[in-house]
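Q: Protein chains in written order, with numbering that gives the first Met the number 0: chain A, 0 to 497; chain B, 0 to 97.
Rather than coming from a laboratory, the hints here were simulated on the basis of the structure.
There is no bait here: all hints are sound.
Between beta-carbon pairs, the in silico distance windows are: (1) P245/A <-> R87/B: 43 to 51 Å; (2) D48/B <-> D291/A: 38 to 46 Å; (3) G99/A <-> G86/B: 17 to 25 Å; (4) E279/A <-> A79/B: 42 to 50 Å.
The list that follows gives simulated cross-link-like pairs (lysine to aspartate or glutamate, EDC-like), each with its CA atoms no further than 20 Å apart: (5) K360/A <-> D25/B; (6) K384/A <-> D48/B; (7) K360/A <-> E7/B; (8) K360/A <-> D32/B.
Pulled a few chain A residues facing chain B out of the computed Cβ check, cut under 10 Å: (9) G99; (10) P102; (11) S209; (12) N243; (13) D305; (14) S320; (15) D338; (16) R341; (17) L349; (18) Y379; (19) Q381; (20) Q383; (21) L388; (22) N440.
Beta carbons: idealized from backbone N, C-alpha and C, even for Gly.
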Amino acid sequence: MEADLIRQPAAVLGDAIAAREVSAREVTKAHLDRIAQVDDRVHAFLYVDTDGALAAADAVDAEIAEGIRRSPLAGVPLALKDVLAMKGVPTTCGSRILEGWRPPYDATVVERLRAAGVIILGKTNMDEFAMGSSTEHSAYGPTHNPWDLERIPGGSGGGSAAAIASFEAPLAIGTDTGGSIRQPAAVTGTVGVKPTYGGVSRFGLVALASSLDQAGPCTRTVMDAALLQSVIGGYDPRDSTSINAPVPDVVAAAERADVRGMRIGLVKELSGEGYQAGVEQRFREAVAILEDLGAEVVEVSCPHFDYALGAYYLILPSECSSNLARFDGMRYGLRVGDDADRSVEEVMSLTREAGFGAEVKRRIMLGTYALSSGYYAAYYGQAQKVRTLIQRDFAQAFADVDVLVSPTTPTTAFRIGEKVDDPLAMYLNDIATIPVNLAGNCAMSLPVGLAPEDGLPVGLQVMVPPQADDRLYLVGGALEAALRDRWGHLLIEEVPAL
Amino acid sequence: MSAITRAEVAHLARLARLALAEDELDHYAQQLDVILQSVARVCEVAADDIPPTSHPMPLVNVFRPDEVAPSLTQEQALAAAPAVEDGRFRVPRILDEE
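Pulled out of the complex, with its shape left as it was, chain A reads as follows:
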């Protein structure tokens, strides 16, 4: 298997490492070499931790030699979104305000990856503080989509998705506040899962919007996503919103991969106007496959989804304007203008002006406005009520069907620069992914083909009720297997050589 180590699924690599057919060091080295070869064009990584990764790989190899296998993913490399704290390794969130900051602690997700023997290769590029749908809002330059380097890889987790799609890593961690795992997965032909809110600890995840943020897996196969979710998921007393209940058995569900007798709802509001013809075509073909596999498909209506984008762009800025108040240049990060004469308020204002990019400032001001007296009830208060109505829409739909499906994104990957100065056009990319975050459900995006008009990947989104994450994998596993039978390979095998 030496020749194409980088093209193997994580599950296969983990088994080969455990069987000592290949060492964790060889696998890690192969991916570090790949990064060295192609990342000048992709720019998925902000930091590569070569020494740390090789040391961790050697430790896994030593344990394997003693017969210890920490997890099915022991020795498998992973790319970590730069929004998660990793002790001693630069963590920037794609922002100048945190340039050079090395956290003094590990996020729980990082702790669990280390405990499972997963090898962390480095930190991936992202829209600044996870605000964006294209990774163009990174202070360190955009990431390029491996399917077409002139196009965006989605965002905010474009670096994690591009690392997977360019075979720089078989696994990555993303975070999803309004679609930042699923939308990049859709436009790069990869798999992305937003677990149930509270399913994965937020301790050490730099907060964008605390009631929406959730970390999850980015992979090339459904089984790899299940294995990774099993490693990072579960109760953490350090996150007061963590669910204190067993994680659904997502690996068993990915193995079963069965939709027979399942009722699948097509969300009427997540199609039609604004959706690219080729996206809808591939989506409907995939739904027909699910029917052939024994599922019953019906159309359902979630009338308040039409207001989800508006509610989201009031709730998110409100929470982020509050969360990002901590970046004040006093205890860590950038400090500008401290000349021993200026007041603390002046230094804070100069620091934040210099340290934050345009989109971050825009959302902080939007949130400050929505929370200010006189507007609070009309904006933030009303958005919270709409959030209730969206939760009720989901509850009503799930009383009738087991899962809901939609296209993940309205279009395929657009060109770098096309929407960067048009915030509203950018926000529309998340129109199909946002309702899940507002309600706290879980969802998966998986590749269902290339749009005929541009040859770019299309994603299908599966949505299920909170804490029913395993159901995602029943659908995802079944659809992936059927598509693989039809094509003779995974869609990602068609990505152009770099």
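Knowing the structure of chain A, use the given hints to seat chain B on it.
A: Just chain B now, with coordinates in the frame of chain A:
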């Protein structure tokens, strides 16, 4: 909803501790206006009798035993500070007159 003015943007920037440049004030006034007009659609929804949701899960208070546990050392906590003095964070003046 009324249009957002340049003066309002300046006020918001002050509240948010952002020392915006003059050209940014005009730029943001125009952009925030467009965004607010779009998101204001949520006001069309009749929701007077609907309870607000601030969080996706019905949260109750979460308690833990009040026990001493390992934490960062003073050195670790100060390691990333822009300025340190006598084992503390050094900050710019917080009062107008000394």
